[in-house]
Amino acid sequence: MSSPDVLKTSPLVNEAGFVDLNKHTLQHTKFSNIFGLGDCTSLPTAKTAAAVASQCGILHRNLSAVMKGKKVTPLYDGYTSCPLITSSNKCILAEFDYDLAPLETLPINQGVERRLAYGMKAYLLPEIYWNVMLKGKWNGPSTFRKILHLGMSRSPKIQA
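Our numbering puts the first residue of the sequence shown at -9, with every later residue one more than the last.
If you are wondering where the hints come from, they were derived from the structure by calculation, not from laboratory data.
Calculated pairs, BS3-like style, for lysine-lysine (alpha carbon to alpha carbon, straight line, at most 30 Å):
hint	residue 1	residue 2
1	111	127
2	37	20
3	125	136
4	127	80
5	-2	125
6	60	127
7	61	20
8	136	60
9	125	60
10	61	136
11	111	80
12	111	13
13	127	37
14	61	37
15	20	60
16	37	111
17	37	60
18	127	58
19	127	13
20	60	13
21	-2	61
22	58	136
23	37	13
Cβ-Cβ distance ranges computed for the label pairs, FRET-style:
hint	residue 1	residue 2	range
24	61	-6	24 to 32 Å
25	79	24	41 to 49 Å
26	74	121	20 to 28 Å
27	-1	106	42 to 50 Å
28	140	105	18 to 26 Å
29	127	72	16 to 24 Å
30	4	79	37 to 45 Å
31	24	109	34 to 42 Å
32	105	50	29 to 37 Å
33	116	89	25 to 33 Å
34	0	125	27 to 35 Å
35	137	-5	38 to 46 Å
36	34	136	18 to 26 Å
37	124	19	23 to 31 Å
Small disclaimer: the values here were computed from a predicted structure and weren't measured. The beta-carbon is built from N, C-alpha and C at its ideal position, and this holds for glycine as well.
Go ahead and model the full structure; you've got the sequences and the hints to work with.
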């Protein structure tokens, strides 16, 4: 995985060739009017659709703040999700943050292979991706995580 040549030769990238961002605000480290998300960034998290979904809402909030002359807020905790298919009908839904600490949406141990996780991976997540996320209406599962954990989901440890 790497950035396209147009980025690799620009002043926006770090020595590894990725757009150099603050990992919590998604704002460029040198150019305050530039933000980024996704596969071409220096964010030290898995390059997944789940990560991008969570980054979208944070990017929107911080970009809007800069456009209004306000300061950015360090909000991104590195959330990502990697569904690991373990059999023809079971899956482990691994969700974690920058520190690789579990950041599970469901109020169950998601480290155990389950048919429920496979059903989510096979049927629910593609629907969310194609019909909700790509239309800009999905900013990751953080709201659902709070509801399903009765508001007791651990707070991310973010330092500016």
